[in-house]
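**Q** So you can see what is in the structure, the chains are spelled out below.
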Amino acid sequence: MRAAGVLVAIALALALQTTLARFVVGGTAAIDLVLVVVVYVALTTGPGTGMLAGSVAGLIQDALSSGGVIGIGGLAKSLVGFFAGMIGQQFIVTAALPRFVMFLAATIVHAVVFMGLYTVLDLRTFGSPYAAVLSQALGNAAAGMIAFTIVEALPGVVERRRVRRRL
Amino acid sequence: MALLDLRERTGYLFVAVTVGHIILISAQVNTRRGVPMLEAVTFGVFAEVQRAAGAVISGARDGWQGYFALQDVRHENERLRQQVGQLQIKLQEERALAQQSRGLQNLLELRQRTDLSTTGAAVIAGGASPDFRTVTIDKGTTEGLRPDQAVISPGGVVGRIIMPSARASKVQLLIDRNAAAGALVERSRAQGVVLGTGGDRLRMEYVSGAADVKVGDVVVTSGIDGIYPKGFVIGQIESIERGAGMFSAIMIKPAVDFTSVEDVLIVLTPPPALDAVDAAEPGTGARNANPNREPGT
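Going line by line, the protein sequences match chains A and B. To convert, note that position 115 of the first sequence is 115 in my numbering; the numbers rise steadily by one, no gaps. To convert, note that position 189 of the second sequence is 189 in my numbering; the numbers rise steadily by one, no gaps.
Pulled out of the complex, with its shape left as it was, chain B reads as follows:
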């Protein structure tokens, strides 16, 4: 009866028998790569099924992630934003550390250039009042600091210690209204006194109207004041006003950017008594490594 049923469906039977034989043959025959043909064909067919299933699943997942799981994306976005913010802060910290390292290196170089006994200090605070241009450093009498010791930096003269405490000191910047330093024009050796203006410029006074002074000349310390060692750079002449009087009004752009001073050196050695200011010669001074190595000093 079953045979009769099969005979009524000859087409299906033909396909079934043919496929069965093909499968049987494939199970015994290897491909040229040595893989059984049945395995290769099965794998090939199933791989397509897997590919189709994978495409369907991938599409569903993409759809889910692209449309329904945006909340996770938002959370992730917030988390990444926070992370970026933290990294930016860290980068700034690293940059600050690098900058500080460069400053310290410059200080070290300055210290090695001079025979003066110095000690390094860090600026820990600014002035309490805008009328007084001062900063506070992190060393005091414990480290041997005393009033009227010069404070210098790789850029040039910073100021002097006016109030040391045990572990900190107040430094009067050279731009303070009450600050002054003996100075001379490096090129012509014209002498004068540099005074603070309370602003971002210095004023040089008591320079003879006949003195050889030009805009762009470098002004250095003369050492005559007994505070600042001779030959350290104060700044560069920015303008000259030759009036009717005996002296010229000279404005100086400080060599030091007082808004960004971070590390300084305090000169512990009192400057030698200078009775011959003229001994300072052009092209000498701390600017050229060692002011005390100049001949005649």
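This is chain A alone, in the form it adopts within the complex:
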């Protein structure tokens, strides 16, 4: 059941990523919603599920990306999911700031692994991607915070509506 939920989340993230996200910030991919989902799953379920979610999501993302190498994004997201899950298990990451930092750090780690592999394999050059990575990290962190807020607030909202209807 949880696996299905993860897969649905990934599918939604991919759909949003490919349709909505590019309209958000001037047509550039300032937010990686798939990565946000992976980190969210990792923080809420643990390293194993986070890693598998990252692997599946990354592979699908790689497959949908034209000209890329299938597996690099999967590996990057697997690592991020695994380590995010590990940290989520070891530390209390329920407050807003730790979650924000987690999304921020996860994005940076993902970028380092992703761009690093491409560079090491001499497949692509990225110039000086610091600003882009930082902006994406901030965007992902914001999206992640919003996602957490929505998901955590959603049960309460539903319950309040249900009570209001009874009254």
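Don't read these hints as lab results, they were simulated from the structure.
Facing chain B, a subset of chain A residues (Cβ under 8 Å, in silico):
#1 GLY48
#2 VAL69
#3 ILE70
#4 GLY71
#5 ILE72
#6 GLY74
#7 SER78
#8 PHE82
#9 LEU123
Covered stretches of chain A (in silico footprint by chain B; criterion: 3 or more residues with CB under 8 Å from a CB of chain B, positions within the stretch not fixed):
#10 51–58
#11 112–122
No experiment lies behind these values; they were computed from the predicted model shown. Every residue, glycine too, gets a C-beta built ideally from N, C-alpha and C.
Chain A is fixed; fit chain B onto it per the hints.
**A** Structure of chain B alone, referenced to chain A:
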């Protein structure tokens, strides 16, 4: 349930997923040499496995060959020894052939140097008795050989035919006790007779005690005996004993090594009657190519 099991083994799962991704990436990426990375890495890893396996197999094989298969080595060694022996025999045969070829070449040169009619023959046997120094040659009356024909070699005088048969002849060597030849000292023209001693030396007799004779002088045939053509080398004076008598006792070392005579020439032309032995001059004779070209002969 399976997912739960996997989650309980997160470490293994992490390694498996990571390796899987690396393999997937490697399958798509080429190295700088254009070879797919997965292929290169796989080959590199497998090459090490092959190297290790090869080392193990090689070690086992070396061990087997070095310790357990020595019987084969022994057989091979025996076979190689036999082969070496056969090759040594063949080498000796080749060497003998080369030697024979050189001898024949010398004979041919001698034949070309002289105007005498000659025929070549090969020594096919030695003497039956050590008391008689003879050899047997492979030509006889069929080839025109007759008794008292001179037998010569590139080294000098060998002897004379004493018993020709149809296809072979017995040759009396000059060193035989009963052999003799008219001779003279090439330098001083002192005359004498060379006699066989039965040993490996010759004796020159009837040389005047007053004659100019020195150790080292070359003695050649004088042609006076009617058998040996004039001017062929007999040997070199080795010692001189001047006694109280009229003649000196002179020992000569033969020019021919009678123990190794293989090919000879038989002089078919009877030597001309020599009534003037003094006509033989120093520095002439077969030793200098053609004895019959000497002036006054």
